[in-house]
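Going down the list, the protein sequences come from chains P and B.
The numbers in my numbering rise by one with no breaks, and the one at position 151 of the first sequence is 151.
To convert a position in the second sequence, counted from 1, into my numbering, add 596.
Errors might be hidden in some of the hints.
Unchecked claim - List of simulated lysine-lysine pairs, DSS-like, C-alpha gap at most 27 Å: (1) P:Lys454 with P:Lys499; (2) B:Lys755 with B:Lys743; (3) P:Lys303 with P:Lys318; (4) B:Lys602 with P:Lys478; (5) B:Lys604 with P:Lys14; (6) P:Lys153 with P:Lys49; (7) P:Lys153 with P:Lys92; (8) P:Lys2 with P:Lys324; (9) P:Lys454 with B:Lys604; (10) B:Lys757 with P:Lys478; (11) P:Lys435 with B:Lys602; (12) B:Lys602 with P:Lys14; (13) P:Lys435 with B:Lys604; (14) P:Lys499 with B:Lys937; (15) B:Lys604 with P:Lys499.
I should point out that these hints are in silico values taken from the structure, not numbers from a laboratory.
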Amino acid sequence: MKPTEISNPDYFHKVVDCQWACPAHTPVPEYIRHIAAGDYTGAYMINWKSNVFPGILGRTCDRPCEPACRRGRVEDEPVAICRLKRVAADYKDDVKHLMPKPGAARNGKRIACIGAGPASMTVARDLAPEGYEIIVFDQDKLSGGMMRTQIPKFRLPETVIDEEMGYILDLGIEFRGGQRIDSLKSILDQKFDAVFVGTGAPRGRDLELPGRTEAAANIHIGIDWLSSVSFGHIDKIGKRVVVLGGGNTAMDCCRSSRRLGGEHVTVVVRSGFEEMKASPWEKEDAMHEGIPILNWLVPKEFKHQNGKLTGVVFEKVKAVFDAKGRRDLVPSGEPDTLIECDDVLVAVGQENAFPWIEKDIGIEFDRWGMPKVDQTTFQATIPNVFFGGDAAFGPKNIIWAVAHGHEAAVSIDKFCRGEDIADRPPPNTNLVSQKMGIHEWTYDNGVSNDLRYKVPHKETAIALKSIKTEVELGFDPKLGFSEAQRCLNCDVQTVFSAKLCIECDACVDICPMDCITFTDDGEESDLRARLLAPAGNLTQDIYVQDGLRTGRIMAKDEDLCLHCGFCAERCPTGAWDMQRFTLEMTHAGHGCRSKA
Amino acid sequence: MSYLAKPKFHHPAIETNDLGFTHRDYEGSISTLCAGCGHDSISSAVMRACFELSLPPHRIAKLSGIGCSSKTPTYFLGQSHGFNSVHGRMPSVLTGANLANRDLIYLGVSGDGDSASIGFGQFAHSIRRGVNMVYIVENNGVYGLTKGQFSATSDQGSKSKRGVVNTDSAIDLVATALQLGATFVARSFSGDKTQLVPLIKAAIEHRGAAFIDCISPCVAFNNHEGSTKSFDYVRDHNAALNRLDFITGREPITAEYDPGTTQVVRMHDGSMIRLAKLGADYDVHDRIAAMNNLHTRQADGEIVTGLIYMADESSDLHDHLGTINQPLNELNAPELSPGAKTLESINAALR
């Protein structure tokens, strides 16, 4: 096998599974260590730099980091990364003085951001301190976009949104709330240097079934209904509610219904429970509030009487897989089910909608009606128009929108300076030894045996009384510390230097996970089979170094390494060292510009 | 400044043996030896051998004397019986324990100071009596605990870390064990577990005195240029006689082996060891040839390792003394006090 090239920043970045999985590449272990040390402010600022909305994301993130977390492979459950982020946000001191200042001098460039959701606001945050004049437009009076309108207050209190929007609005940007943009052309006519479109995926899918029009008064589109609830336009719902759909919007709909008078709320999903799009924890929270989730039922008809909805008829289906392994839902042959109800919430998906973009101004769309947007630069077919968030590639989530925003801001910054936007700035990386003395490291290398801690919840009876009562109480500092200690510090890398190695086997003997093998060289597939412990996880690299005196190689399976540093503690010659790998994404500004 | 305890987590796909144990279940408490000590590798090899043989830890007794090597039984087989005896006195304590309970597996762990100096006599007599045991000397050729003086196994002419040349001639424990009548004699190297683990397994299965001299570099005081017990020196001068494969009795030998290159040796319990010969034709059953070979290779500056000698037939102290098969702790009043009639007949026989 070719010796591992650790100077390639991707190599150690991949070992930090959480950071690699995070679209914004938040340095997770680093902020978790700050939390363990009680430095919540530091932890918050690390997050703020990467993901802009730590308080919001600490409550609502889709957490791509957690399924990736190495701890989940070592034992049952990953570190509660998301809720630790909330700990940082909850317990930090005043951070205002740590925030960037509005650009000292304007650089004369004007940028329009359409929509005030996570993507647009990230663009605004990255560019404002650089001297850009930013004007953000939104149809709603307040900024935040879907974070404010679609996420119920019992999951995300308004104060958290206000605070984190405030940090951005304070950067000297101009926010034009309540101003809906109905024409991109009108914006382009205003001669902005660049336009960023972050308008999300604002249209909820409807279900055209028999009875839809007759019973329309009691059938609501999920995201529109949530938004009306959020603005206080709707404050009650029928006693019996059926929610159609299996995503996170469906979970927000059913839980909101429970708080607005719904006594018998049922979620009905076409697919099986496991395949539902909703995050497992959101399903759990819904069921905890006494909401049954029924699976394998496809809605067939809305029943109504005298213009009033009476129920929904469902056909029972089962999954059948064809030769290619594709799933098809076919009727199971069982009799149809009628679920009686007073209201139906349709949460079967969201779509993009660009009726406000004129077809003749140069923005090209693909055959699915999505704008043609470059995957890395986020540039549209008009060079000074950029898309990001759900508006770019369809519905995803907040953290992806933030990541898009950062990249689009880099593009806009380079574009405005006449640089090649395809030339992307590399991340800023570093690798530093953590050795402080014999058996002493800058990080706490003892491995906690604790299982994942549950976040305390408000008592259900009280929580259900008001739509504004936050259900999750968050970890207190003590629980937060214990959970933080579960982090394996995967960013502290095991770095091997073959020329120092005397092949004494001390590292092999001490490694609790049997990660390290000294053996004859071979092809990767052959080598994986010959290691001390099976190395079957092909998504995880084998760290290989040659140049040993006996002609063998050192092969370390990165998959299950606890980063406990025992190999380095036991190494008599310092051939193993624990070195902290830091990777910081380059955002808009000085660092991203061409050196030439 | 001591080490943290080893994390409890293990590889989720870790191998288990016939008893359902993983190799981690054969661990002891965390080692306090210097980082990189060869002795820790030997501990690891002992754990691996016991794991692979599926030995119930509570059927093993580990005994040692004093020294770095004699500390090691704390660091392996935490669930086994242990006795840390007086300096150089492990062989007597082991002999006594073995006489009292022949059902346990005895691991005598000692060092070059413990066995070649203060306990040299004890070592000699336990070997010549044929006590059924595995006697491992973790041989680093230096007094590590007292900061690096030459030991009795340091080669004449080798240099200490401070540059002093050793003028005394060395005791070769392998040659001594062969001369004293050990029925299983091997030498190995802590840095070569593929050789060491099968040797320990074979030694455990061997009935009688099994002696393994294991060269174990002292990274703190004897791993420098001029040392003959350093990792580099041993690797450069290692003349391995054979490669061992230990086959437990349950597995049939399927492959055919060319008799010129492979020797299959049956152990008393029915298990087999397959020896792949690496050098010239060498018969592990020929004691005189083994002694000659040892001295010849040594004169050429080579370190002979591998299975050096194993007796065709072996017996142990219990056979020699005709002791009762049962462990003494299982003997009850009827056996211990057979009554006046039996006493009379004994007395009559002595008249």
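Taking the hints in turn, this is what the structure says about them:
1. Taken as a hint, the Lys454 of chain P and Lys499 of chain P pair is broken in the structure, with Cα atoms around 46 Å apart against an allowance of 27 Å.
2. Restraint check for Lys755 of chain B and Lys743 of chain B: the C-alpha separation of about 14 Å stays at or below 27 Å, so the hint holds.
3. A hinted pair counts as satisfied when its Cα atoms are at most 27 Å apart, and Lys303 of chain P with Lys318 of chain P qualifies at roughly 24 Å.
4. For the proposed pair Lys602 of chain B and Lys478 of chain P, the alpha carbon gap of about 25 Å is at most 27 Å, so the pair holds.
5. Straight-line distance between C-alpha atoms of Lys604 of chain B and Lys14 of chain P comes to about 25 Å, which keeps the hinted pair within the 27 Å bound.
6. Among the hinted pairs, Lys153 of chain P with Lys49 of chain P is consistent with the structure: their alpha-carbon atoms are about 25 Å apart, no more than 27 Å.
7. For the proposed pair Lys153 of chain P and Lys92 of chain P, the alpha carbon gap of about 22 Å is at most 27 Å, so the pair holds.
8. For the suggested pair Lys2 of chain P and Lys324 of chain P, the alpha carbons sit about 36 Å apart, so the restraint of at most 27 Å is broken.
9. With a CA separation close to 22 Å, the supplied pair Lys454 of chain P and Lys604 of chain B stays within the 27 Å bound.
10. A C-alpha spacing of about 51 Å is found between Lys757 of chain B and Lys478 of chain P, which places the hinted pair above 27 Å, so the restraint is violated.
11. Annotation: proposed proximity of Lys435 of chain P to Lys602 of chain B holds, straight-line Cα distance about 19 Å (limit 27 Å).
12. Using a Cα cut-off of 27 Å, the hinted pair Lys602 of chain B and Lys14 of chain P holds, with the two alpha carbons roughly 26 Å apart.
13. With a C-alpha separation of about 24 Å, the suggested pairing of Lys435 of chain P with Lys604 of chain B holds against the 27 Å cut-off.
14. Straight-line distance between C-alpha atoms of Lys499 of chain P and Lys937 of chain B comes to about 78 Å, which puts the hinted pair past the 27 Å bound.
15. Straight-line distance between C-alpha atoms of Lys604 of chain B and Lys499 of chain P comes to about 31 Å, which puts the hinted pair past the 27 Å bound.
Violated hints for the displayed structure, listed by number in ascending order: 1, 8, 10, 14 and 15.
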